[in-house]
Amino acid sequence: NAGVMQNPRHLVRRRGQEARLRCSPMKGHSHVYWYRQLPEEGLKFMVYLQKENIIDESGMPKERFSAEFPKEGPSILRIQQVVRGDSAAYFCASSPPGGQNTIYFGEGSWLTVV
Amino acid sequence: QKEVEQDPGPLSVPEGAIVSLNCTYSNSAFQYFMWYRQYSRKGPELLMYTYSSGNKEDGRFTAQVDKSSKYISLFIRDSQPSDSATYLCAMLKTGANNLFFGTGTRLTVIP
Numbered sequence: 001n002a003g004v005m006q007n008p009r010h011l012v013r014r015r016g017q018e019a020r021l022r023c024s025p026m027k028g029h030s031h032v033y034w035y036r037q038l039p040e041e042g043l044k045f046m047v048y049l050q051k052e053n054i055i056d057e058s059g060m061p062k063e064r065f066s067a068e069f070p071k072e073g074p075s076i077l078r079i080q081q082v083v084r085g086d087s088a089a090y091f092c093a094s095s096p097p098g099g100q101n102t103i104y105f106g107e108g109s110w111l112t113v114v
Numbered sequence: 001q002k003e004v005e006q007d008p009g010p011l012s013v014p015e016g017a018i019v020s021l022n023c024t025y026s027n028s029a030f031q032y033f034m035w036y037r038q039y040s041r042k043g044p045e046l047l048m049y050t051y052s053s054g055n056k057e058d059g060r061f062t063a064q065v066d067k068s069s070k071y072i073s074l075f076i077r078d079s080q081p082s083d084s085a086t087y088l089c090a091m092l093k094t095g096a097n098n099l100f101f102g103t104g105t106r107l108t109v110i111p
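So the sequences go chain by chain: A and B.
Each residue of the first sequence is one higher than the one before, counting from 1 in our numbering.
Each residue of the second sequence is one higher than the one before, counting from 1 in our numbering.
The following block holds chain A by itself, in its conformation from the complex:
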């Protein structure tokens, strides 16, 4: 499967725990984006990364959320001390260099905080 790969697909965490979501971009894509989809709301941009660099994190909550895209391995979105309001679908997307207008999404990771 050459598409954007996300895991886990479903994740349940208790309040206060940490959630780690992983994303491997499409083959040949070096740009990764994370979006969040809250119930009954549209997709909202969180962060845009290239290898070892955060390019735009204007959509990231200021606290508890962080993202990385290391030289080797998948991109990771980390949510510390999760709260009920973090329950959402988190989508990773990727594009080739300069291809922000052709962004392809993964299947999403559904986080439930209990």
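Think of the hints as simulated: they come from the structure by calculation, not from any bench.
Remember, predicted model here, so these are calculated numbers, not experimental data.
The beta carbon of each residue, even a glycine, is placed where N, CA and C say it ideally should be.
Don't take every hint at face value.
Subject to a maximum C-alpha distance of 30 Å in a straight line, what follows is the list of computed DSSO-like cross-link-like pairs (lysine-lysine) [said to hold, decoys possible]:
1. A/K27 / B/K93
2. B/K56 / A/K44
3. B/K93 / B/K56
4. B/K2 / B/K70
5. A/K44 / B/K42
6. B/K93 / A/K44
7. B/K42 / A/K27
8. A/K27 / A/K71
9. A/K27 / A/K51
10. A/K62 / B/K2
11. A/K27 / B/K56
Looking from chain A toward chain B, a few residues come up when the C-beta cut is under 7 Å (computed) [as the list claims (entries may be wrong)]:
12. P39
13. G42
14. L43
15. Y48
16. D56
17. E63
18. F65
19. F91
20. F105
21. G106
We have chain A; now place chain B onto it with these hints.
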């Protein structure tokens, strides 16, 4: 006011009907326009991408952009039950990194 407005529906049509889905936007900085299809509990799938005003056709799908009215449309001809999904419009400003999405229109095509 949201930068991208989309009627959430739901929209139900009989099989074979022509479907019209629309979005409006308020910021003339948007220059790239996309339509995504999202099935339940799945990721958005890119259907169409347009840049300029006018029409772009791909099979049963036609995307239309009217920049003067800040209005975009997606038409689906000969709709099929498999077209039942949520359709999301998305827009990108020149030089920007993030897509702005509408809230999606839920479509059901009844056999």
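If you check each hint against the structure, which ones fail? Going through the list in order, the structure violates hints 12, 17 and 18 and respects the others.
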